[in-house]
Amino acid sequence: MRTRRAPVTFGGMVQSIIFSLVAFVALGSAFLRFRRVYSNIQLGKAEPVEGPVAERWKNMLLVAFGQKKMFNRMVPAVLHFVLYAAFVFTQIELIEIFIDGVFGVHRFFATRLGGFYNFVIGTIEVLSLLAFVATVIFLVRRNLLFIPRFHKAEMTRWPKLDANLILIFEVVLLLCIFTMNGTDEVLQSIAPAYYPETNLAVSAWLGPAIFGGLGEGPLRVLERIGWWGHIAMVFVFLNYLPISKHLHILLAFPNTWFARLRPKGELGNMPEIMYEVKSMMGIEDPAAPPPNPNAELPAFGANDVFDMSRVELLGAFSCTECGRCTAVCPANITGKALSPRKIVMDVRDRAEEVGEKLRSGNPEFAKDQQQPLSATNFDDGRSLWDFITREEIHACTTCNACVEACPVLINPLEMIMQLRRHEILTEAAGPQDWLPLFNSIENQQRAWSVGTSRTAWAE
Amino acid sequence: MFNSALVQGYGAPLFAAQYFVLNYSIIRLFNSLFLMQIKTMAQFAAEDQAPEILFWVGCAGSFDDRAQKVTRAFAEILTAVGISFAVLGDEEACTGDPARRAGNEFLFQMTALQNIQTLNMYDVKKMVTACPHCFNTIKNEYPALGGNYDIVHHTQLLQQLIDDGRVKMTDGGTFKGQRITYHDSCYLGRANGIYAAPRAVLESLDGQLVEMKRSKTNGLCCGAGGAQMWKEDEPGEKRINVERIEEALATGAEVIAVNCPFCLTMMTDGVSGKEKQDSVMVYDLSELIVKQMQR
Chain A
0 MRTRRAPVTF
10 GGMVQSIIFS
20 LVAFVALGSA
30 FLRFRRVYSN
40 IQLGKAEPVE
50 GPVAERWKNM
60 LLVAFGQKKM
70 FNRMVPAVLH
80 FVLYAAFVFT
90 QIELIEIFID
100 GVFGVHRFFA
110 TRLGGFYNFV
120 IGTIEVLSLL
130 AFVATVIFLV
140 RRNLLFIPRF
150 HKAEMTRWPK
160 LDANLILIFE
170 VVLLLCIFTM
180 NGTDEVLQSI
190 APAYYPETNL
200 AVSAWLGPAI
210 FGGLGEGPLR
220 VLERIGWWGH
230 IAMVFVFLNY
240 LPISKHLHIL
250 LAFPNTWFAR
260 LRPKGELGNM
270 PEIMYEVKSM
280 MGIEDPAAPP
290 PNPNAELPAF
300 GANDVFDMSR
310 VELLGAFSCT
320 ECGRCTAVCP
330 ANITGKALSP
340 RKIVMDVRDR
350 AEEVGEKLRS
360 GNPEFAKDQQ
370 QPLSATNFDD
380 GRSLWDFITR
390 EEIHACTTCN
400 ACVEACPVLI
410 NPLEMIMQLR
420 RHEILTEAAG
430 PQDWLPLFNS
440 IENQQRAWSV
450 GTSRTAWAE
Chain B
0 MFNSALVQGY
10 GAPLFAAQYF
20 VLNYSIIRLF
30 NSLFLMQIKT
40 MAQFAAEDQA
50 PEILFWVGCA
60 GSFDDRAQKV
70 TRAFAEILTA
80 VGISFAVLGD
90 EEACTGDPAR
100 RAGNEFLFQM
110 TALQNIQTLN
120 MYDVKKMVTA
130 CPHCFNTIKN
140 EYPALGGNYD
150 IVHHTQLLQQ
160 LIDDGRVKMT
170 DGGTFKGQRI
180 TYHDSCYLGR
190 ANGIYAAPRA
200 VLESLDGQLV
210 EMKRSKTNGL
220 CCGAGGAQMW
230 KEDEPGEKRI
240 NVERIEEALA
250 TGAEVIAVNC
260 PFCLTMMTDG
270 VSGKEKQDSV
280 MVYDLSELIV
290 KQMQR
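These protein sequences, in sequence, are chains A and B. Just so it is clear: in the first sequence, position 336 is 335 by numbering that gives the first Met the number 0, and no numbers are missing. Just so it is clear: in the second sequence, position 251 is 250 by numbering that gives the first Met the number 0, and no numbers are missing.
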């Protein structure tokens, strides 16, 4: 048994050529798509990585790898973990699929690894079966049960379709795996020379039960359909990821690593304003840059993706639109227009729009038509305000519930604050109601304009 | 003794007793205030002395009628246990929390840097405040501007005083048979992860602590944070404090305990909106301690 090698046939050679071509095209196109995501994130401002790096690795390990925050809700957590474990573990199988595909051989590791092969592929099969059950439950949850967070205003056609597509892909992928393995188990007794003996946890009984009555011809065809279908779904999935919310399966890792370590209550300082005010008040700060009288009046906050930090843009691309943030947002719960998930989705949509326009090279989008189009020479007459209304950001109570809820450590509050800062500092706009507050703090150093002493309570 | 007789004796029309108890404790507060010397940092400095701790009162605690009572209650506790404390008085300025969260960074920097100058001038090291917004800003945001202080929220100090046996409760049954529910403020809770200290303080009372459906990390905002206190709500179906008060009332609690002057306003308004002001009272933790502490 151990000495027998699967023979390389003519059909195998043809297949290996086709496979190599398909794989090259699929991987090449996926690479280009992922590079676009990368450049879209790079549109944002660089932010120094602060705090202990060990803490970042810990976050990634616990929150992304261990899915710690998912376990606040047990039912989706367990279902999601099954899908996740199956997904991660199934990737091992791809090593063999690639070797078989490129060299035109069949189940390269089966005879070489023997019992260990059965163990690995058997584990994948058990996880896949569980994943199948989880996927079906997810489809039911999303489409038949009324779970409010799946049906909010921002869950328009594409986000809804996107969520279902990935589940359908998963079902097809799993059907292909079991067709491939099940027919293989039956073929082992018909053509043992080509189909090395395996004993897989699920297919060893499911295969003969479903495909047992079929002849060798149909079995061989079905086996190939399963094999090609499996790898085709993998290629489709890879190319689909960069335009989908499912990018989170990859970006959750960098996003949890790059997530800021400061306390949730701490808003990022604006040193440029601090130095300005310090110099106004005559406070010396050795860290302050020398004054530059020719400097342009700077813009503060963000009204477009260029002024957002890359940490925010990475977050926007890591969002899987689960809506846990929106489900706990006090403004959203009480019927206000604000939905943290929508803010995050809008930031991603705008980043994709800007990226697309920049890559088009169309001089129409250049601020200075004489200069080549670039991120610093870009003006399409649009901004984040074309996606997000003032009413939305004015409704935020900065309560951090959305930040706390995010299973992959996205910070919607930071995005909202950057928009608020832009509105107040750069546009000198904002809610009229705040003017008395600002005047009172500025003129009387107190949040309410009252005439009494601060020690009136003790008198 | 007097309290317990009232509370136990009335049963159903508990509100009457509570009003009486409240008024009674206010009279007591005023009495003790006569004996209580509130000194400012400037007065300490003039005597070439330094207090143990600076009590940062905050705008709400200084100017809001209801929050002033919290300030008095907390000052009374500090006085009763013999902690030497000072206030800044009119040298205190808004910490800048609402300005910064509205997006007005210039104004935040102006008022924050002014405070830091004052605090550094007096060489302040230890601080306590009854406002979680002031607490958060001074603790987390002043260091980047050059202001480093060891600040605690009053619930943390209260827990420490109770643990150390410096604040002792009477066994008079002040809250006997009463349910007390605790509303986590966003800026003490999620922003700073302080959930245990206020609950430990409440557990020292003889009432029964009951949790709302959304509590601790899942606590629902009262609706006032992020400078919402100073503006009308955006259009919606409901006010946030109404949503929260419905949850608080669902616990069947007679007392809603808060740790924040803004929550105090929002929750009190919510209770009034539901016309439950006669049967459900909203108190800051320090007010509850004052009611039951030995002196």
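Source of the hints: derived by calculation from the structure; they are not laboratory data. Some hints here could point you the wrong way.
What the hints assert, rightly or not - Simulated crosslink set (PhoX-like; lysine-lysine; CA at most 20 Å straight-line):
no.	chain 1	residue 1	chain 2	residue 2
1	B	K167	B	K125
2	A	K159	A	K68
3	A	K44	A	K57
4	A	K277	A	K44
5	A	K356	A	K366
6	A	K67	B	K215
7	A	K68	A	K356
8	A	K151	B	K237
9	A	K68	B	K215
What the hints assert, rightly or not - Facing chain A, a subset of chain B residues (Cβ under 7 Å, in silico):
no.	residue
10	E91
11	L106
12	Q108
Please read these numbers as outputs of a predicted model, since none were measured by experiment. Yeah, the Cβ is synthetic: ideal placement off N, Cα and C, and Gly gets one too.
| request: Identify every previously stated hint that the structure contradicts and give their numbers, smallest first. | output: 1, 2, 3, 4, 7
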